[in-house]
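Construct the entire structure; sequences and hints are all you get.
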Amino acid sequence: MVISFSPRRLWAIVLKEFVQLRRDRLTFAMMIGIPLIQLTLFGFAINSDPKKLPMAVRSAESTTYTRSIVQALIHTGYFNIVSLTSSEREANNLLAEGAVQFVLNIPPHFTRQLLRGEQPSLLLQADATDPAATSNALAAVKEVQKTALRHDLTGELAKLAGTDTAFQINIHRRYNPEGITQYNIVPGLMGVILTMTMIMMTALAITREHERGTMENLLAMPVRPLEVMIGKIAPYIVIGYVQVAVILSAAKWVFMVPMLGSGLLLLGGVLVFIIANLTVGITLSSVARNQAQAMQMSFFFFLPSILLSGFMFPFRGMPEWAQILGSILPLTHFLRFIRGLLLKGNDFTLAWEHLWPLLIFTLVVMSVGLRRYRQTLD
Amino acid sequence: MNQREAIIEVKGLSKSFGDKVAVDKVNLTVYKGDIFGFLGPNGSGKTTTIRLLCGLLTADDGEGKCLGYDIRKESRTIKRQVGYMTQRFSFYEDLTIRENLDFVARVYNMKNRRQVVDEALVQLGLEHRQNQLAGDLSGGWKQRLALAACMLHQPKLLLLDEPTAGVDPQARRDFWDEIHRLSGLGITVLVSTHYMDEAERCNRLAYIAYGSLVGEGSPKSLVDDSGLTTWMIDSEDVHQLADELRDVSAAQQVVPFGNTLYVSGTDSKALEQALASYDQRDDIHMERTTPRLEDVFIRLMHSSEEKRW
Ligand SMILES: Nc1ncnc2c1ncn2[C@@H]1O[C@H](COP(=O)(O)OP(=O)(O)OP(=O)(O)O)[C@@H](O)[C@H]1O
Ligand SMILES: [Mg+2]
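First to last, the protein sequences are chains A and B. Start counting at 1 in the first sequence, then tack on 122, and there's your number in my numbering. Start counting at 1 in the second sequence, then tack on 1, and there's your number in my numbering.
The hints are simulated quantities; they were obtained by calculation from the structure and are not laboratory data. Just so we're clear, the structure is a prediction, and the values are computed from it rather than from any experiment. Ideal Cβ positions, reconstructed from N, Cα and C, are used throughout, including at glycine. A couple of the hints might just be wrong.
[Claimed, not checked] Simulated restraints on C-beta separations:
id: 1; chain 1: B; residue 1: S139; chain 2: A; residue 2: A134; range: 56 to 62 Å
id: 2; chain 1: B; residue 1: D137; chain 2: A; residue 2: G155; range: 58 to 64 Å
id: 3; chain 1: A; residue 1: F150; chain 2: B; residue 2: T261; range: 53 to 59 Å
id: 4; chain 1: A; residue 1: L137; chain 2: B; residue 2: S139; range: 35 to 41 Å
id: 5; chain 1: B; residue 1: H129; chain 2: A; residue 2: K374; range: 29 to 35 Å
id: 6; chain 1: B; residue 1: T261; chain 2: A; residue 2: A134; range: 41 to 47 Å
id: 7; chain 1: A; residue 1: I450; chain 2: B; residue 2: R107; range: 35 to 41 Å
id: 8; chain 1: A; residue 1: S489; chain 2: B; residue 2: G228; range: 57 to 63 Å
id: 9; chain 1: A; residue 1: T303; chain 2: B; residue 2: R89; range: 50 to 56 Å
id: 10; chain 1: A; residue 1: S489; chain 2: B; residue 2: T78; range: 21 to 27 Å
See the structure below:
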């Protein structure tokens with residue numbers, strides 16, 4: 123017998139789906155919320171032409187000429203002076219820590235050599251771990267070389283004005299001299315992969331117990347919330363390390379990413395990050411009512427993590443509100459930690475700058491999770 | 002009656018879900034060594050009451066003690082000494098039988114874990130299947146596993162929520178023999194059930210309807226106090242007879258069992274008069290009998306329905 127297509131039966135299914143969808147508030151909210159969030163993030167927050175990048179100036183002298191050059195750099199819109207220093211060590215630290223993107227070095231006797239027509243050089247050091255973040259700024263420097271002293275060069279030197287021969291700006295791309303994007307992406311990818319897998323796996327952990335009915339039994343036994351939470355995340359720490367091992371091997375032997383920092387520090391930092399993500403997962407799990415909700419929530423967390431952390435787009439290209447939002451996310455700090463460690467060879471003191479925010483994040487999220495963990499079935 | 006130790010003693014226990022009152026001012030006293038049967042129609046609040054007792058739900062109102070500990074404040078201590086068997090199978094289907102038992106033994110910090118689990122497996126008769134996934138067991142075997150698991154830590158009080166639903170008669174009998182043995186050792190058992198033969202094996206019963214306790218006592222006293230009169234009528238054509246009797250107002254319950262009809266009512270005189278005419282017919286044989294528990298419970302349910310409306 124051939125069963126013919128029945129519009130009534132079709133209608134029955136359509137109606138049922140609508141009713142179910144209406145009951146599922148979260149899915150409904152996500153369907154409206156995700157496009158809005160993506161529009162905001164892509165439309166307003168993300169800017170792959172970052173301006174006003176922080177710069178330190180290490181100047182051995184201050185004359186009309188040097189001031190004009192600095193002014194011209196600021197005028198491009200790409201540079202923003204945040205620090206003046208005379209110590210080379212301090213300048214280096216600022217760059218390694220990531221507090222500044224550039225250091226401008228003005229050597230002694232620069233003005234004297236300039237006036238003698240000796241074509242002296244300035245040194246501009248750039249943190250090139252993320253080539254995308256600095257490339258436009260460095261391109262603008264060429265123009266500065268031509269125009270900076272247009273008005274200052276008079277008399278005998280006037281013939282040099284408007285050419286790029288009066289002085290040189292030597293650009294030194296530090297940490298990633300060849301501007302290889304993999305150096306930046308591959309360590310970053312480690313953070314992204316850990317975020318995604320760690321959160322999703324644990325987000326299901328408690329909702330699964332609720333959904334399968336095993337929670338009733340677990341609650342009837344004398345186990346404490348902290349025992350359940352830690353017990354549930356512990357196995358994933360091992361899984362996280364396995365992932366790290368795979369990614370690091372690929373980074374070293376396939377992508378030839380340099381690994382300058384200490385291996386022990388790497389393992390320690392990774393542990394802090396893995397735990398931060400696992401607590402997010404377990405907390406989402408204690409808030410969500412079922413597994414589908416837990417998945418949706420993890421996705422909801424993952425989206426800004428990937429867009430606002432500086433993984434996909436330069437962090438400094440985002441407006442302030444987006445940077446503040448980004449600074450809450452663990453991935454942001456981990457990216458700085460791991461890039462600093464692998465590419466810059468940062469030691470513990472410098473790495474700590476990016477690790478303590480992760481620890482605070484973990485504590486806060488864990489306490490929310492413990493509070494939300496339902497010890498009864500009410 | 003000698004002073005017996007009360008293991009469960011609660012007063013005015015109430016719990017609502019939204020507008021819905023699931024448990025309404027329930028007073029309950031269960032003594033040490035009791036086999037306390039907990040009966041009531043679907044949705045009457047049995048599971049909810051049991052969950053309140055072991056601290057899985059927090060009561061809106063009421064107070065009481067379980068094993069001498071306050072059910073509101075000391076539910077953690079209570080949990081350690083209570084064995085709770087949930088109505089729905091709630092052990093891990095993706096763990097093997099042995100792994101489930103091992104887990105329970107570990108959670109309760111049992112010292113001689115291996116030995117305890119081995120013994121439980123032997124007693125269950127599952128030692129040759131111990132490495133099978135719990136999810137692959139049949140429904141009845143799952144119940145038996147759950148029961149074994151909740152008794153593993155030798156609790157002083159067992160709260161069993163329909164432990165024998167779907168269990169075969171032999172296993173059910175074994176189960177009840179075991180319950181009686183435990184009771185002899187001084188373990189207290191509160192068990193909910195829908196089976197009348199099981200109710201009869203309890204030494205005390207409570208009947209709950211719409212969240213309120215409507216009857217309590219030994220099976221015999223419940224029958225004696227029910228005020229019901231029951232007649233057993235044998236007839237060739239029970240269905241015809243049943244149809245006729247259903248129109249008789251004194252015959253409040255008319256229940257056919259094979260070729261026998263059980264007719265009960267609270268007004269024994271009126272019932273006797275109404276049945277008198279049938280007694281004349283020679284294709285009918287009738288005889289007065291003691292009311293069955295089932296009739297008593299249905300009577301309790303109907304009278305609490307009347308009171309509600
Ligand atoms: N978590 C809950 N949320 C809302 N209502 C609930 C909840 N748990 C129970 N109820 C309601 O409380 C009432 C009592 O339910 P309970 O499960 O205690 O009944 P029961 O006597 O165990 O029934 P059964 O014999 O079917 O197992 C029911 O009406 C039920 O719908
Ligand atoms: Mg129930």
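Each hint, compared with the structure:
Checked against the hint of 56 to 62 Å, the pair S139 (chain B) and A134 (chain A) fails, with Cβ atoms roughly 35 Å apart. Hint check: D137 (chain B) to G155 (chain A), Cβ distance near 42 Å, so the stated range 58 to 64 Å is violated. Hint check: F150 (chain A) to T261 (chain B), Cβ distance near 58 Å, so the stated range 53 to 59 Å holds. For the pair L137 (chain A) and S139 (chain B), the supplied restraint of 35 to 41 Å holds, since their beta-carbon distance comes to about 37 Å.
Here the CB-CB span from H129 (chain B) to K374 (chain A) is close to 51 Å, at odds with the stated 29 to 35 Å. Checking the proposed 41 to 47 Å range against T261 (chain B) and A134 (chain A) shows it holds: the Cβ atoms sit about 46 Å from each other. Between I450 (chain A) and R107 (chain B) the Cβ separation comes to about 38 Å, which falls inside the hinted range of 35 to 41 Å. A C-beta distance of roughly 59 Å is found between S489 (chain A) and G228 (chain B), which places it inside the suggested range of 57 to 63 Å.
Under the hint 50 to 56 Å, the C-beta atoms of T303 (chain A) and R89 (chain B), about 54 Å apart, fit the expected range. Judged by the Cβ atoms, the range 21 to 27 Å given for S489 (chain A) and T78 (chain B) holds: they are separated by roughly 25 Å.
Of the numbered hints given earlier, the model fails hints 1, 2, 5; all others are met.
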